[in-house]
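These protein sequence lines are chains A and L, in that order. First residue of the first sequence: 964, per this note's numbering; consecutive thereafter. First residue of the second sequence: 964, per this note's numbering; consecutive thereafter.
Read the hints as simulated data drawn from the structure, not as lab findings. These numbers were taken from a predicted model, which means no experiment stands behind them. Do not take every clue at face value.
A pair counts as met if it fits within one copy or between any two copies, since identical chains are not told apart.
To be verified - Straight-line Cα separation of at most 25 Å, DMTMM-like style, residue types lysine to aspartate or glutamate; simulated pairs:
| hint | residue 1 | residue 2 |
| --- | --- | --- |
| 1 | Lys1453 | Glu1420 |
| 2 | Lys967 | Glu1008 |
| 3 | Lys1031 | Asp1444 |
| 4 | Lys1173 | Glu1216 |
| 5 | Lys1280 | Asp1088 |
| 6 | Lys1082 | Asp1240 |
| 7 | Lys968 | Glu1008 |
2 protein chains.
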Amino acid sequence: MDVKKNIERLQDNIEKRYVLQHAMTVLSYDAETVMPAGGGERFGETMGALAEMQYGLLVNDEFRSLMKELLEQKKDLPIHLQREVEELHRTLKQIEVIPVEEYSAFESAQAHAGVAWRKAKDGNDWEMFRPHLEKLLEYAVRFKRYYDAKAPIYDLMLDDYEHGLNAEMLDGFFATLREELVPLIHEIAEKPQPDVSFLQKDYPAHIQEKLARWLMEVMTLDPEYCSLGQTEHPFTTSVSNKDVRITTHYYTEAPLSSVFSVIHEGGHALYMMHTADELNGLSLAEGASCSIHESMSRFMENIIGRSEAFTAFLLPKLQELFPEQMQGVDAKQLWLACNRAEPSLIRVEADELTYPLHIMVRYELEKRMVSGELAVSDLPEEWNRLYKEYLGVDVPDDSHGVLQDMHWSDASFGYFPTYALGSAYSAQILAAMEKDLDVWGLVGRGEFRPLVEWLTEKLYRFGGVKTASQLIQDICGEPFDPHYYTDYLKAKYRKVYGL
Amino acid sequence: MDVKKNIERLQDNIEKRYVLQHAMTVLSYDAETVMPAGGGERFGETMGALAEMQYGLLVNDEFRSLMKELLEQKKDLPIHLQREVEELHRTLKQIEVIPVEEYSAFESAQAHAGVAWRKAKDGNDWEMFRPHLEKLLEYAVRFKRYYDAKAPIYDLMLDDYEHGLNAEMLDGFFATLREELVPLIHEIAEKPQPDVSFLQKDYPAHIQEKLARWLMEVMTLDPEYCSLGQTEHPFTTSVSNKDVRITTHYYTEAPLSSVFSVIHEGGHALYMMHTADELNGLSLAEGASCSIHESMSRFMENIIGRSEAFTAFLLPKLQELFPEQMQGVDAKQLWLACNRAEPSLIRVEADELTYPLHIMVRYELEKRMVSGELAVSDLPEEWNRLYKEYLGVDVPDDSHGVLQDMHWSDASFGYFPTYALGSAYSAQILAAMEKDLDVWGLVGRGEFRPLVEWLTEKLYRFGGVKTASQLIQDICGEPFDPHYYTDYLKAKYRKVYGL
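Bound-form chain A, shown alone (with noise of 0.2 Å):
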């Protein structure tokens, strides 16, 4: 068939695809936020009838043969087409290899998983949700083995959420981690820590939600295109370039955890909000990949959120919503802070310095069970160690511990490396960025739009059409190099500390 009549088929079976997708993305979204956990059954049904109906419009020979059309024909389509027709067939290779009930039943048990792992979580019962891990994480190794009968496993899972990406690499980069932090690290543990006596005060659930609407503005968020909910685990999500959802949780007794959780998802939302039109409810919509993804999350929430010039911009706004709590406050206190090291339980808390420790036990435990070196019986003992070996501090119970993420429950292994690689090209990014602009004379004035039309033009606008390690050459003129990182983090922490 000629490309013009290719192009309107596939554009047709996108549109469906869609429809499908946006319903999914919604009762996923409710689930996490409104639904009642009596509708958790029900709901685990319908997603997983609804994931069998994408399955049957992706794995059908009608849709096979299109591709295969659409592949020889791929230099006559437009640019972006050609990218979502590499990323639809390779997509095609791996589920085709599914049967359509194990297909089904796998998304059913995805959603039964992430309801039992909340319920596990609050009532601190990793028996609870142990027998949903191991099945997930069977259906997940299986589906990966029908894929490739050789390669390893924890390879393909890592290539899911970056293209390219490997365990063998990972490696260097962890080893480099730990060999330029871990004895800054040290070094701090030995100094005397900021005073965070003013954050230990009551700041009022719905105040702190007013400062959170006042982050958003800031950000450029605007409520036209971006909701803010309300969720244990803060996250992102979105429907399309108009229709971006973000979550955030509010601690009383903490309410820089609000602050900077904001921050984080609106780094996500401004991504997602400002990818061009023509890739909506296209696969490359997601993204370039979770770590191009996490990387504009963390520029946002630690690059410039914690950095001098914007908690000095912060400061008399929190001092307007919080007269009494913030009295006496003064910059330098809050940036201290904003920035006080310390290695910690959770992951989600952890300050920037120590956060890669946190995901180095994850790797290597993620690595190990999908191996089949250690049973997810173990899990929580092994986790247990490698808190104490990597962090030094002992996990008092499993909610603390192993159940604190919701990532295992969504079968998602292999992404939480993404989150230290993502921190690490936020860093190369933002020396590309302070090229071309006053970064911190803009962010100390609160103008955040032109860091984010910078943005837009080196990256947002590209969703998935240019792949991460593309993006990192055009930004940066070099590849990726991850000593960006590692300097940033020691010049700062010096200065944290008075190194």
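Assemble chain L onto chain A, guided by the hints.
Here is chain L on its own, set in the frame of chain A:
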């Protein structure tokens, strides 16, 4: 095919449609509560596509022949499937005459109209909404005409919300109300109004939310199965009897608004939560009729919630949560404030006595619009004229006039009368309940469980298995009689105003 096989085919079809209905229910809930306005367009597309899929599952030869066989095998079906088959057959007859493109376009148009209505209401911009209403009205009339070339269109619409209802019956019903209630309303206009100054203070929204959650607990609305959200217009929706959602709105200077909207929506929610398990996913799970649904919500809101017994039970909680604002208020004062009757502009804020007049305005206008006697463009003027005539109030702008309700933006023509009818049913049901239970003793102690159990036994559990008239007959031992309602209102308001 044998009946067992046919039941399996039916259940398979029901499950497939349930998946789509589940998605559409949650997407609609999301659109009202969370979705940024920018998502409106895509929401409309997706709803249209899902509706088209639903249509395809009913309107096809295989389903038609299944219906034909099941109607012949009806006596061998369990009672709930007998009724479901009747309802499905009826739905099939109504929609198979509509071309699928029109069916889908109508669903999209509805979704878009809802978004436009919210904007129009916020911006007091009737002209923004008018073309949407014209389009919906045209579709709604055309669809009924496809189905029945002769019957009065408005009767066909009324029949959708309550089988057997027609304009002649409603004319008689409203005439009774007018005759019995208007003289009382005039008498009251001469009397001094209760003091409500204690309500015109600052009642912070986050404390009102605590009150709302306490009210849900009192009403036995278990958060495991029923969530609470916030919207401009309160409503209730459900996915199953284990996943029900109510919403409310907190006005800081009108705390009773949220109190009674929670009790009202809570009344709907109890009905949905106590519908028999076997009805999940069936059309029968929606309830016996809209009037019966409204009877359950208005029973809780007005008959129970605004009673002397309940307001006396409520007072200490109000004083605990709002000690300054409620200082010195006694039970009599609170009861009177909850029952102040005065013609006003906004239906949802109207008192129990003048409420039916708001419905009469809408009934009158709908009847004329649908029959083509009244052009949509003349609607605001006629609205304002009738508010002056029936309620004696001047409408200052369309936001407080013709744009106040969402119903027409949803093409729910014929729905409004069910509110008045539901109120009337609830008074007759109270009379039956009083024969079995010490209603006011229980309510005065906040013991709702026996009431809920009585309603479950007599009404909730049946869903749509019994029709509205069957329910009234079975519960009350006699057919519907509007004088229970007018007698109840007259006795109550004579006491409130010392007549």
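Here is what the structure says about each hint:
1. Lys1453 x Glu1420: Classified as neither; 30 Å inside a copy, 70 Å across copies.
2. Lys967 x Glu1008: between (38 Å within a copy, 23 Å between copies)
3. Lys1031 x Asp1444: For Lys1031 and Asp1444, neither the intra-copy (38 Å) nor the inter-copy (70 Å) Cα distance is at most 25 Å.
4. Lys1173 x Glu1216: Cα proximity of Lys1173 and Glu1216: in one copy and across copies (16 Å, 20 Å).
5. Lys1280 x Asp1088: Close neither inside one copy (41 Å) nor across copies (36 Å); limit 25 Å.
6. Lys1082 x Asp1240: between (39 Å within a copy, 23 Å between copies)
7. Lys968 x Glu1008: Intra 36 Å, inter 22 Å, cutoff 25 Å: inter-copy only.
Of the numbered hints given earlier, the model fails hints 1, 3, 5; all others are met.
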